[in-house]
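Trainee: Each chain, letter by letter, is given below.
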Amino acid sequence: MDTTRVSREYVGVASIRGPLMVVEGTTDVGFDEMVEVLGPQGDRRIGRVLSVSRDAAVVEVFEGTSGLSIPSTAIRFLGRPLTVPVSLEMLGRIFDGLGRPIDGGPEPLAREWRDINGSPINPSARAYPSEFIQTGISTIDGMNTLVRGQKLPIFSASGLQHNTLAAQIASQARIARREEFCIVFAAMGIVRDVATFFQRRFEESGALENSALFLNLAEDPSTERVATPRMALTVAEYLAFQEGKHVLVILTDMTNYCEALREISSAREEVPARRGYPGYLYSDLAAIYERTGRIKGVEGSITQMPILTMPNDDITHPVPDLTGYITEGQIVLSRELGLKNIYPPVDVLPSLSRLMKDGIGEGHTRSDHPDIASQLYAAYARVKEVRSLASIIGEEELTGVDRSYLRFGEEFETRFVRQGTSEDRDINATLDLAWDIVSLLPRSELFRVTEEEIRQRYRVRKPGD
Amino acid sequence: MSTRAGSVEAVDGPVVTVADAEGISMADLVEVGDDRLLGEVIRLEGNRATVQVYENTGGLQPGQLIHSIGGPLSAELGPGIIGNIFDGLQRPLEMIEAKSGAFISRGVAVASLDRKRKWLFRPSVRQGDQVHEGSVLGAVQESELIEQRLLVPARLNNVSSTGLAAQIATVAPGEHGVADAVAGLAVDRKETALLMMQRWPVRRPRPYRKPLLPDVPLITGQRVIDTFFPIAKGGTAAIPGGFGTGKTVTQHQLAKWSDADVVVYIGCGERGNEMTEVLVGFPKLVDPRSGKPLMERTVLIANTSNMPVAAREASIYTGVTLAEYYRDMGYDVALMADSTSRWAEALREIAGRLEELPAEEGFPAYLPSRLAEFYERAGRVVTLGGMNGSVTIVGAVSPPGGDFSEPVTQNTMRFVRCFWALDKALAAARHFPAINWIESYSEYLDYVEEWWSQNVAKDWRRLRDAAMSVLQQENRLQQIVKLVGPDALPDEQRHVLETARILREGFLQQNAMHPIDTYTTPQKQVAMLRVIIRFHERGKDIVARGAPVIRIRELPIIVLLMRMKTDVPNDQLAKIDEIGLALDRQMNELEREYI
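In order, the protein sequences belong to chains A and B.
Under the numbering used here, read the first sequence as residues 539 to 1003, first letter to last.
Under the numbering used here, read the second sequence as residues 2 to 596, first letter to last.
Some clues are possibly wrong.
Claimed, not checked - Using C-beta positions, here's what the derived DEER-type ranges look like:
no.	chain 1	residue 1	chain 2	residue 2	range
1	B	Gly547	A	Glu935	16 to 26 Å
2	A	Arg997	B	Arg586	51 to 61 Å
3	A	Ala648	B	Glu46	39 to 49 Å
4	B	Gly547	A	Thr702	51 to 61 Å
5	A	Val836	B	Met514	25 to 35 Å
6	B	Glu440	A	Thr959	41 to 51 Å
7	A	Val836	B	Arg116	24 to 34 Å
8	B	Tyr442	A	Glu935	33 to 43 Å
Unchecked claim - Short, incomplete list of chain B residues facing chain A, as computed with Cβ under 10 Å:
no.	residue
9	Gly102
10	Arg107
11	Leu280
12	Glu350
13	Glu362
14	Arg431
15	Gly486
16	Gln573
To be verified - Derived contacts from chain A toward chain B, CB cut-off under 10 Å, selection only:
no.	residue
17	Ser821
18	Lys895
19	Leu944
It is worth saying that the hints were derived from the structure and are not from the lab.
Note that the Cβ used here is the ideal one computed from N, Cα and C, for glycine as well.
The following block holds chain B by itself, in its conformation from the complex (with noise of 0.2 Å):
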């Protein structure tokens, strides 16, 4: 099914130019040379065309020929994503490990989604019945936790958000291989095959019915997150740090605890062993709302560091094209994307190949509309077949120096409307997640608001701004306290300083290791800071009466306070009841000395 497109003229890295091209256009899949590398189009002139090619081209000489495989880099959309680990063009590693051993070797033809195996098709039509684009045709049991809804698949010419409608003329229940067909369509009277799985070029978004107000947030068992920069269900999220800050370890966690329905992690430029940590932990883990192993929900696309870089800038898409499918059938889906700096870097590498003009620090002047293009493939939707579905995106940026003023940092925040600061000195004091509570930011607190009110306390949004109000103004006085030291501060500003400890040790900090700690429901989150803020507001009053602040900090019940986190299981909420009552018991005591 290939046919000849021309022939290698010259061959520099990853970029190889073609003379003689014929019959290829932009964006064209190819296989250069006698090896067959996979490459893509990304420059036509004439007779002329430029591939990228998403392999290692040691050994590729001028004159071997190009074949064309007709369209464009496109995803296999169907039974056996879930579960799996990809490379990032949706080649399965495990299949490439069985072809070709422990090193990953070039030139490998393996399928993306397994061919021999059989699923059990339940379809939820009928002949007969009336279809558009995007109705559920039925359901596949895809893992234990996810059954894959197959739809009618939106035409690529037409993304109108009318779609067609068309009748079922056969369906096909049972067993069958994703490339057999599970129903037929009439259409101008004539059947159309659909088969179990479908294909979607990546680069392009999948269409929807219309975009719906992210106002449902997406709980992280992280704290620090959940509480005072929550993200919501569709929305988009920077994670920027400097080495060593704690980025991917935030992204695991995301990747664990988050109550989305799928998670996919794409694994973009990064180290090998944090691949294998995913795939060695995350079977073990079990998902706290299902009981069921995390594995059970996720899917992997690793293109680490030392996989070739093109393949690098492909993995973005092929991950955001995986996840937006399963937004499709009404799922709410997180994307991890560690690191987007290394995809862009993937560009600035082509770019410079292309001996285009660089703007910014080498980078080529279309990064901007790149990461723009992303992030907006995020949202929360109502989908062609009428579900509500979310992507929800959450990139770590890596910039250079850890300084944020660097072109991707700055072109990522005028894209994403989360920012999760990562601050190189509260990690070296192994303060994690090391997000900083001065700099970071969200948008969505407004949106969400309603839903903690609703679900969780009336009181979350007073008591969140409380604490934060109370972190702020510590921020200030370290300053003061940096020059004079704390004894020089009035009693009432020390008392500020403690809660903020409290805070900070007590609530903002999150040990990921611990088995208690690592995730903290909403209920928890809400109780614990609630007495947090009772026990600054009650100090503050007894330290106004003239109670000294080494009094208060005296109390037995600061103690109780810092370990809570760790000590509390997630639902036995009482406990925090018994050390509110313990507080203000405590407290009582001490304003009586004071009347």
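If we strip away everything but chain A, and leave its shape as in the complex, we get (with noise of 0.2 Å):
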């Protein structure tokens, strides 16, 4: 960026409504600059210019504007874009949604400033993510298995355990030689509760000295969050590709950004696309996301793993299905299984990781890993279907095969889905697991492995076996 060009200050704003202001006479503003506001008190917030013309800015202020009045504010444009300092520093810390220490400490020192929004990784300087990364975690290593640079979210609901989910993943995650995670988080609207809880987790677990924490609460200004994930992804995007670190970065969560997102919209008098959100949902989720991956001839890499809570449980709400759209998979839970008293309640038919299949097999984890992981799929569908008939004509009324299908999901949800919330199994337990209960069913019903897998790993059970 330009860094010759020269702050200017002007004091009054022409009108100001909800987090927006507009601020008149103005010359040589950018556009997407940062500006300074001060208000009566003095005090400091921080703002970006969100459209400008030849004598008017509109400028969003990011702490909102409560407390500002017309002919007292002063407005400050800083002639750059919103940066935020990175350096190594930052592991270990904990700051506001902007960047600024809360822990008490001092500010790090910055290795250098850079522009909270990135610039978008050239496609053709990628690196193709397919190297495995052992959560712990059944049904995502054996059926929706991450990779490292992938970004992987959770969708979940209020009420159910994603926030004890992201926790145990972020500390058991591993990469085949063992090598850990830093972790980058960024919350945004969460309650000081969750706050807390992820805080001391990562304590628990020794995480946090190699974490930095991006915390903007509930009761924070929600402007403020839409700058929130870019800071932390800037931070993340540095420590990768800078350092050589394997970042992990939660986003959570991703619902209330998106409500930040309209409600700065819905302020700007925008055209509404779908439920009152903006018509650039789509690119401005996708400049999120897509700050993940691997970089040809780099050592470090970003894997994203956002969490979002789909309101009224709908994965047809636009912020879950665009979020689908653009991520690799989705990793979704179930309130059935949530009411099953089943931790993690993880529904595996409609999770889905898009880089598995090159993660996965001969040389990654193990050469039966596709096929069965293929046949859990095939035969946990077929137990739906089994289930929805059993309630119709009883379960006396099926056949034996169907019979065995029951039993089949009965141990599925209880043994493979079900574990501890610190229990790390790794990648050969989970698989193992998956042949034992697979073994439930006739070999006639297993179309999906080979008779050479068949050999080797099947063996009859019996009900009770």
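From the two separate chains plus the hints, produce the assembled complex.
Mentor: Here it is as structure tokens:
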């Protein structure tokens, strides 16, 4: 960015509406420029230019506009985009949603300042992600495998244990050579309890000293949320591509982020697309999620795990829907399993990992992995059909094969899906468990595995065996 | 060569208003501001103009200058396209990487075609030859697979099909760069130099002599497509589906295995890693017909979701212009656009910033006409040079919430003739390709029947219709089964369910990762279908004679029917004949018990 531009200060604004202010009589103000706003008590807030014309600029104030008045508000245009200081020293620290330390420590020494918007990774510079990450969770490792450089969100709903799951993944995630991750954690509009929970889990597992936390809580100004994930990802990009770290980024809760975006959009009176969200929601989310991956010839990587809650458990709501179109799969949590008291309540059928195919099998996990995973999917899909049939005609009327599917379904949920909140299953344990449960089905039902694999791993089990 | 054309009045994201605009026309390309960001004029009012900027406008200030660089957004057509990866404005991404590193910075000026590289030109015309628009001047070996034919450029201002006739004045065989002259044309006693490369405005369809009926199928090696819902060369198809239903995998499969000469793959507002997957994977994959790497016939246009939205809007036109250029050389070109919904959203975003009155769901009212213009650029034609060529367009559609009633899906259905509906339930059971056989359709079925009958098998249509009928019956029966269970059905109907299961698992389902299953020749498709239908017809007879359906289900042949897709290689079809013989033996034995 051009650093020669000088900052210009104006006193008094033309109008204030929601998080937006119009400043008139401006000159030499650039689009998307960073702004400092000084309130009547001299309190300093941060904002950015949303649109600009010859004699006026529309400014979005991240911390909200309450307490600001038309004549006395002072605006300083800084002549540069919103930037964040980055350095290794940010690990082990806690910041607010705009990157200011809130753990009582000093400002970390900046190695450099970076534009929080980043720049798109050139597709021809990317390296294709294919290194298996072991999370220790069977439904993920076995059936929705995460690889290094992937963006895999958790689609949850209020009341489900997505936070416990995310914290468990953060503390257990390992790559084959046992390399550990740095964690960049961005909270957007979550309640204080949840933030404290994550902080405590990171402390317990010793991950905190390798983490940078950005916290915008529910009580904090909502418009600030628009900047928080960008701050966090700018730091993550520095750690990954400058310092060669493997970074796991957890963003929660993306639904709150999108609502903040909607709030600003409606204050600007933009034409809405679906459910009042702006038409550029897809592009905006992509600008966040696509800041993930690996780059050729660079050691580090960014793996993203955004968490979002589906309003009214609706997966077709714009936030999960557009997210699913951008991310490389999704882990879907189900209320039905939650009610059965199964943790983690991962519903494998709508879940998916798009990059799984290149990170599993011979040389990555185990040669039988792709086939047994596919067999589990097919069998569990059948379980759902048999269950709905059984609820109509009764279990006794089912054929023998269908009854074996019911037993399979039961064990699949209680042994394979369910595990302890700190139970760390390695990939062999997960796959062996899968074969053990599949063995409840008659051999003739196994069409997705090869004869050879059946010979090696299948052993007939009778009920109660 | 750029001239001052006004100054920035206001900036709102990618939309820039220009004051004191002069000397610019609609659709002209301009450079905006001190960083010289590329943009396109999309509205003129008095001396004010509106420009959509193809790059991030952060830092752009009112008062900065606009420069016109003359003419609309155009593609450079010449050697160096195949095997390359471009952004939506045809800027080569590898050159951008060389200039600005792993992250794309703004205002990077790079030429579309490498000016330094030399190509060996072998002329096929001689001095004094009469030529006209679209005539072949000669050829350049562009890649191992593609010989680029250099053509006399078509004139922009005259789209007549008669064309002008002129005489070749000079010919320059040998090594040239793309900006060098390869021939001279005597027009009105003056000589006009013809360069190795030509330019064409991307929003304007390239002319051809006359259209042909699309009656040759584009063979894709995907059984559910080729056999059940075929697409013709020069046809159009849409693949709509919610996320995770396999649009991209299907598009990749088509790009890999289609029997097109050239493949243009447009990643329009999609994931960066998917483009990387193609870039990494295609050079390693071997074309089943030529034995050469697939990248030798592929060109990629990548404007990923996080790249600027206006360039995403342009990427579709850039891609189809390149496709038409190869069509004009007499090639069959397949174009994959993933995803047209992201392109429509780019239209919506720009329209919203222009404060245009929205039609449905915020989309502009001209969405249907833009979609029509795009799909109408497909077709099988006689080119200006008198050769046969085609552009086939396959567009992915990403309906919000997987709901096909939304505007992009609905308007696309009006203009495409082949509809491959992806189904979330099939995808959840990992049945891929998740093309729903009840909802999908192809209007090319009757057109391509003749080709199948002459080139593959006389009974193709009969087998296909018989299989389709089984699947439709199954669909009806499943609704009863859901209520009362399969055992309540009469045996005849349970046999239909059994055949349908074999069709679904053993034929429709196809594993893109399996070395044999990923591609099935037309011959193998028919052979597989023939034994499955034989199983159905013989079984039906035997059940009618009173045999319980369970006896048929226990036949060991079923496992072979289910596994022939993966176990029988494409070049060993005799094994399917053996399966047919074994089927007859087992059925004969059973039949004897119920005479």
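Trainee: Can the suggested window of 51 to 61 Å be confirmed for the beta-carbon pair A/Arg997 and B/Arg586?
Mentor: violated, 33 Å
Trainee: Can the hint on B/Gly486 be confirmed by a CB-to-CB distance to chain A that is less than 10 Å?
Mentor: The hint holds - B/Gly486 has a Cβ within 10 Å of chain A, the shortest such distance being about 5 Å.
Trainee: Could one say that the CB atoms of A/Val836 and B/Met514 fall in the range 25 to 35 Å?
Mentor: Since the Cβ atoms of A/Val836 and B/Met514 sit about 28 Å apart, the hinted range of 25 to 35 Å holds.
Trainee: So, as I understand it, the hint says A/Ser821 touches chain B; can you test that by seeing if any CB pair is closer than 10 Å?
Mentor: Result: holds, 5 Å to nearest chain B Cβ.
Trainee: When the nearest CB of chain A is found for B/Leu280, is that gap smaller than 10 Å?
Mentor: holds, 6 Å
Trainee: Do the numbers back the hint for B/Arg107, that is, is its least Cβ distance to chain A under 10 Å?
Mentor: Check passed: Cβ of B/Arg107 comes within 8 Å of chain A, closer than 10 Å.
Trainee: Are B/Gly547 and A/Glu935 spaced within 16 to 26 Å by their CB atoms?
Mentor: Holds, since B/Gly547 and A/Glu935 (Cβ atoms, about 25 Å apart) stay within the stated range.
Trainee: Does A/Lys895 pass the interface check with chain B, least Cβ-Cβ distance below 10 Å?
Mentor: holds, 6 Å
Trainee: Confirm or reject the claim that B/Glu440 and A/Thr959 have a C-beta distance inside 41 to 51 Å.
Mentor: Given about 43 Å between the Cβ atoms, the range holds.
Trainee: Would you check whether B/Arg431 satisfies its interface hint, that is, whether its CB is within less than 10 Å of any CB in chain A?
Mentor: holds, 4 Å
Trainee: Does B/Glu362 pass the interface check with chain A, least Cβ-Cβ distance below 10 Å?
Mentor: Holds, because the Cβ-Cβ distance from B/Glu362 to chain A comes to roughly 6 Å (cut-off 10 Å).
Trainee: Against chain A, is B/Gln573 within 10 Å by beta-carbon distance?
Mentor: violated, 18 Å
Hints 2, 16 and 19 from the list above are not met by this structure, while the remaining hints are.
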